[in-house]
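Enquirer: Listed below are the residues making up each chain.
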Amino acid sequence: MNPVLREVTLTLPIAPDMEVAASKTATALAEFMRMSPEKIDEVRLAVVEACINAFEHSHARDQKVRITFAVIGEHEPEKLEIRVVDQGVGFRPERVEQPRIAEKLKAARKRGWGLKIIEGLMDEVEIDSTLDGTTVVMRKLR
Amino acid sequence: MTEILKLSVDRREGLAVIYTEGYINNQGGEEIARAAYDLIGSGYRKLLLNLAGTKIVNSIGISILIEIIEKMLEIEGRLAFCNLTPTIEKTFHIMGLAQYAGIYTDEPTAVDGLAI
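Taken in order, these protein sequences are the chains called A and B.
Residue 1 is where the first sequence starts when you use the working numbering, and the numbers rise one by one after that.
Residue 1001 is where the second sequence starts when you use the working numbering, and the numbers rise one by one after that.
Calculated directly from the structure, the hints in this document are not laboratory data.
Check before you lean on any hint, since a few could be wrong.
[Said to hold, decoys possible] Only pairs whose alpha carbons sit at most 25 Å apart, straight line, appear in this in silico DSS-like list of lysine-lysine:
#: 1; chain 1: A; residue 1: Lys24; chain 2: B; residue 2: Lys1055
#: 2; chain 1: B; residue 1: Lys1090; chain 2: A; residue 2: Lys79
#: 3; chain 1: A; residue 1: Lys64; chain 2: A; residue 2: Lys24
Only a predicted model underlies this, so the values are computations on that prediction, with no experimental measurement involved.
Excised from the complex, chain B in its bound form (with noise of 0.2 Å):
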């Protein structure tokens, strides 16, 4: 009873958006990972994780994405979320990952936060 998490990314000017669609477990967590160390490769300083499509996020995969933010953080550059269930906002808050990266209720307006 594996589920696995697909994703896929939109590279923009100055921007990556990654969306997710599924579990956020620790695979899916290393999946988002690798996107995410691939885009910074290619040079990109902001990405925005839509978790439209994630209905739960487990502590594994959010112990990942802390790894991608500490990865922001060395690099000065900045990662926010949208679209989250109030679930897992909620979890981000209670982790205290708002303080840290930004969370948007939908990408139109994380887009405009992130340009400022």
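Just chain A, same shape as in the assembly (with noise of 0.2 Å):
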């Protein structure tokens, strides 16, 4: 496992616009990293869906979401990991049902793309939930 050559970690309380500040921490630390334009867009759009996600379905009990920054690498920045960790109600991931646009064009509700974006978007995602809350991690390459 490569050290942190980085970490930043932030506890947002449950309210509007609370993935903004987010998205503002991972934009700091990709260019730290001198991440591409195009690869920071996608980070922080990726932590602005997870940040969502967590703050629309976790119902978690403290009304907060802590999220860590960590810039890894052996001597040099190499990846960004990402971890959104809230204290809701956890979720079966496996039973989250895949948008399609052409169902969703027809049907009432238009909503849960977070989890397609945020997997097309990063270079690796893992889910781990349980009854006491749910954990993102997500990396991004430099």
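Hey, can you piece these two chains together into the complex? The hints should help.
Expert: See the structure below:
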């Protein structure tokens, strides 16, 4: 396991637009790593989506979401790892329905794209969810 | 820390262009939808969303854009997007929006595309 070169932790209240604060921290660290502008944008949006998912679905008892950003590398930054943790009710990732645009166009509920977007934008995504909360770990290589 | 989306609309002959500036979240998406439905109510069947001033669109905002696409399909109209950041364009492709709405690099190309 490569060492953590820099780490930042945010604790956000579940409140409108708080995901923007997380996206700004992600941007600052990705810029520190000298990621390309496209990759920085991808990380930003993935962080926004992970926060929105936690805000809307976690039902966290403490009404908070903790986000740890870790710059990982042997000598130079190699990847950015983002850990989004809530103490909510959890969910079964395997039961999350894959959204399909043709179906969503006809459906009353158009939502449910967050995980698909995160998986499409990040290099690695892991979800660990129990009745005591959910941890989403996302990684982006520099 | 509320990010307000700014909108402006250019009503042209047979085509209206909606310009956005800022974060497209749920409020931003609703603003766009209001403008789009107003234009549809005025008889417009071709809408172009120029997102040059938008760097981030979240999935809630996009789901409202899907509602607009649904409406355009119902009325046999056309919706197109232009000036997307690479990440917004990638996201639209991940979601499959490109199958139902034109995506163009810039406004003149989009206007030409919608004229066909």
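Enquirer: State for each hint whether it applies.
Expert: Evaluation of the provided hints:
no.	hint	verdict
1	A:Lys24 / B:Lys1055	holds, 13 Å
2	B:Lys1090 / A:Lys79	holds, 21 Å
3	A:Lys64 / A:Lys24	holds, 18 Å
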